[in-house]
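Order-wise, the sequence lines are chains V and B.
Residue numbering for the first sequence follows UniProt numbering, beginning at 1 and increasing consecutively.
Residue numbering for the second sequence follows UniProt numbering, beginning at 1 and increasing consecutively.
Because the hints were derived from the structure by calculation, they are not lab data.
Keep in mind that the hints are not guaranteed to be accurate.
As the list claims (entries may be wrong) - Not the full set, but computed from the structure, chain B residues with beta-carbon under 8 Å of chain V:
1. G40
2. L47
3. A70
4. V71
5. P73
6. R75
7. D84
8. A86
9. F88
10. T92
11. R104
12. P107
13. L199
14. A200
15. F223
16. Y281
Unchecked claim - Label-pair restraints from in silico Cβ distances:
17. B:R253 with V:D119: 25 to 33 Å
18. V:R301 with B:Q134: 19 to 27 Å
19. B:A266 with V:D119: 34 to 42 Å
20. V:A130 with B:D21: 35 to 43 Å
21. B:T10 with V:V298: 50 to 58 Å
22. B:R130 with V:V298: 28 to 36 Å
23. V:V116 with B:V71: 35 to 43 Å
24. V:W242 with B:Q134: 35 to 43 Å
25. B:E350 with V:R126: 47 to 55 Å
26. V:V116 with B:S39: 48 to 56 Å
27. B:S237 with V:M131: 50 to 58 Å
Each residue gets a CB set at the ideal place from its N, CA and C atoms; glycine is no exception.
Each chain, letter by letter, is given below.
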Amino acid sequence: MATSPPEPGGPPAGAAPRERDAAGLGRLGATAFVVPALLLIAAFLVFPALWTIYLGATDYRLTGLAAVDPQFVGAENVERALDDDGFTNSLGLTLQFVLGSAVIGQAGLGFAIAWVLRDRRGFGRRLIEAMVLLAWILPSSVIAFLWIALLDRDDGTLNALLSTPGTAWLLEHPMLSLIVFNIWRGTAFSMMLYAAALGNVPPSQLETARLAGASSWQQLRDVVFPRIRGHVLTNLLLISLWTFNDFTPFLLTGGGPEDRTEIMPVFIYETALFGGELGFGAAISVLMLLINLVIAVVYARLLRRRKDVDR
Amino acid sequence: MADLTLAALTKVYPGGVRALDSVELTVADGEFFALLGPSGCGKTTLLRTLAGLETATSGAVLLGGTDVTAVPPGRRDVAMVFQDYALFPHMTVTDNIAYPLRIRKVPGRERRERAADTAAELGLGDHLGRRPDQLSGGQQQRVALARAMACHPRAFLFDEPLSNLDARMRLEARTFLKRLQRELGVTTVFVTHDQAEALALADRIAVMEQGRIRQLGTPAEVFRRPANTFVASFIGSTPMNLLPGTAEGGAVRVADTALPTPEGLALAEGEKLTYGIRPEYLTFHQEPVAGALAGEVRVVENLGSSQLVTLEGPAGEVRVVVDEDTALAPGTAGHALPRADRALVYRDGELLGPPGYETPATGTRTP
């Protein structure tokens, strides 16, 4: 950009336009840099999403006549889903799964571990962190196999430990098993996030509370939680969404027995690929996307309210 | 309100660091007491052990005559003000001040009234509804003080109370703290690394080094008669001149000058000694004087109403405080004459006193 030399003492000429174009690329150059990324996002995110919405409004099937020539049916799929017992059952199970394993289980256990370990250093802490992290980094298929072996009816490790031979955990308590499984699997993230958050709580504030005679619970309520509220909300948002969309339970139970673990992603998979109803499955996917959006908006609202209060 | 006693208090951290080494100390009821020392000397550990935030490895802490060594911090009835004030950012001034009362289940109305009263005493009456980040540093400190005062503890513990304030506020807050402590009459122990702060505020000072108390005394005692070369070099805004010398005919010979000594010292002829004299107690002469240290003016530092002159001569570097009217230029010759009654003589790092003089290390409180 051509600018006249700034006059001494006066504001430099051309300062305002330069501020708007900090990198000095010009409109064309900047566009050229952004376009490839936008194209990738369009091709792999926006287009599939729009395509799913379109599919959800057709009677598209995996096989048969409708596979060749899908007909536009409008909101019929959505109406059908909302009337479908399978859908409402699946939604209820998903909520159980998210609340039980993520919001209560992972966040609660993760915070508890982080709180207990907050002052510890050395081998014990590293060992516990390593164990928790290991559950997080192992591939789902490996983990599914380990848990099937753990919960097996005949030679399962759990039955051997509890001396309860013949208990088929995945058949008798399928949702409970999945919730425990997912707590074990996903606690690491919450633990690490809360450990970092607790590091931000000034020790002097905790000590002030202790000197005033505050119990551990009062210290948590008055000093720790107000301080890490933002971390808690961010953590809950992320793990809720991840758990909502998690497909790993399918590897353990396949949705059974009798649809008792058919959480939303599994339900869609069964409907669209085994049932062959791609259009119906796509419509449910869109509904699921909307539920995710609602969750995200609720958390975002809570986070924003916190900032307003802070101000 | 209560007196404080430490009996053979020892604190060894895991890993073997001996932060406190059998410290014996008594702080009288209502006394304003300073723990002074360089960083890592154990002063903060001592304060935290008094508060109960650290547990002593051995020894005992007595508060008002009762052993509180094993009593948790919340039941010791002491209040601590931290260096960063530790105000709760999500609470208003009122809620912050009333927090200890809330933990003690004082009814809401009463605790708000008491918080408002305490705040008014400290000039915070107009800020009750504000949050800590809307207050200046000095106001934040007063909120922390008010929180400590609100539940009428038996002792106050201050950790570096002035170090988070800017230089101007610090002087103001120093005077304020001293007056407040006088008015409340509550036993107060504070930690500082700033010798000027300790001298200005405290009734008595314990100078610490490596977990031990090196000298205990009033500010005047500690300033005038540092018990050892460590205290001598630590106390005073301009460090004391400590010159190696030998005893010769009742005087101390440093380089080729025989320096005057205070009366009544028994010096063995020829022994190695350290001669200590504060820059303030040397008089500067441009002409040679008997018993004066000669040297060349190397550095002149303006201190406002005086100047600090560094002379370099056969005795090494000697610092002298010279009044503002003397015109001085680096490179000229100068002579520094010690005041005999203010000179201190150290043998093996320990102060030599005239016979019968009470050794300063056990100095008692003079009101």
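Right, here's what the structure says about each hint:
At its closest, the beta carbon of G40 of chain B sits 18 Å from a beta carbon of chain V; the interface hint therefore is violated under the 8 Å criterion. Taken as an interface hint, L47 of chain B does not check out: its beta carbon lies about 11 Å from the nearest beta carbon of chain V, beyond 8 Å. Nearest Cβ of chain V to the Cβ of A70 of chain B: about 15 Å, over the 8 Å cut. The hint is violated. The criterion of a C-beta within 8 Å of any C-beta in chain V is not met by V71 of chain B, whose closest approach is roughly 11 Å, and the hint is violated.
Of the supplied interface hints, the one on P73 of chain B holds, with its beta-carbon coming within about 5 Å of a beta-carbon of chain V, less than 8 Å. Because the smallest distance between the Cβ of R75 of chain B and any Cβ of chain V comes to about 7 Å, under 8 Å, the interface hint for this residue holds. Taken as an interface hint, D84 of chain B checks out: its beta carbon lies about 6 Å from the nearest beta carbon of chain V, inside 8 Å. Interface restraint check for A86 of chain B: the shortest CB-CB distance to chain V comes to about 4 Å, inside 8 Å, so the restraint holds.
Interface hint at F88 of chain B: satisfied, since its Cβ lies 6 Å from the closest Cβ of chain V, which is below the 8 Å cut-off. At about 12 Å, the closest approach between the beta carbon of T92 of chain B and any beta carbon in chain V exceeds 8 Å, and the interface hint on this residue is violated. Interface hint status for R104 of chain B: upheld, as the beta-carbon distance to the closest one in chain V is roughly 7 Å, under 8 Å. Against a cut-off of 8 Å between C-beta atoms, the interface hint on P107 of chain B is violated, since the closest Cβ of chain V lies about 17 Å away.
Checking L199 of chain B against chain V by beta carbon gives a least distance of about 26 Å; that is not within 8 Å, so the hint is violated. Violation of the interface hint for A200 of chain B is found here, the shortest Cβ-Cβ separation to chain V being roughly 25 Å, above the 8 Å cut-off. At its closest, the beta carbon of F223 of chain B sits 32 Å from a beta carbon of chain V; the interface hint therefore is violated under the 8 Å criterion. Because the beta carbon of Y281 of chain B sits about 41 Å from the nearest beta carbon in chain V, more than 8 Å, this interface hint is broken.
The hinted range of 25 to 33 Å is not satisfied by R253 of chain B and D119 of chain V, whose Cβ atoms lie roughly 57 Å apart. Range check, R301 of chain V to Q134 of chain B: about 26 Å between beta-carbon atoms, so the 19 to 27 Å window is met. Distance hint check for A266 of chain B and D119 of chain V: the Cβ-Cβ separation is about 55 Å, which falls outside the suggested range of 34 to 42 Å. At roughly 38 Å, the beta carbons of A130 of chain V and D21 of chain B sit within the given window of 35 to 43 Å.
Checked against the hint of 50 to 58 Å, the C-beta distance between T10 of chain B and V298 of chain V comes to roughly 55 Å, which is consistent with it. For R130 of chain B and V298 of chain V, the hinted distance range of 28 to 36 Å is satisfied, since their beta carbons lie about 31 Å from each other. One distance hint, 35 to 43 Å for the beta-carbon pair V116 of chain V and V71 of chain B, is violated here, with the actual separation near 24 Å. At about 39 Å, the beta-carbon gap between W242 of chain V and Q134 of chain B stays in the expected band of 35 to 43 Å.
In this structure, E350 of chain B and R126 of chain V meet the distance hint of 47 to 55 Å, their C-beta atoms being roughly 48 Å apart. A hinted range of 48 to 56 Å for the beta carbons of V116 of chain V and S39 of chain B is inconsistent with their spacing of about 31 Å. Separation of S237 of chain B from M131 of chain V is about 56 Å and conforms to the stated range, judged on CB atoms against 50 to 58 Å.
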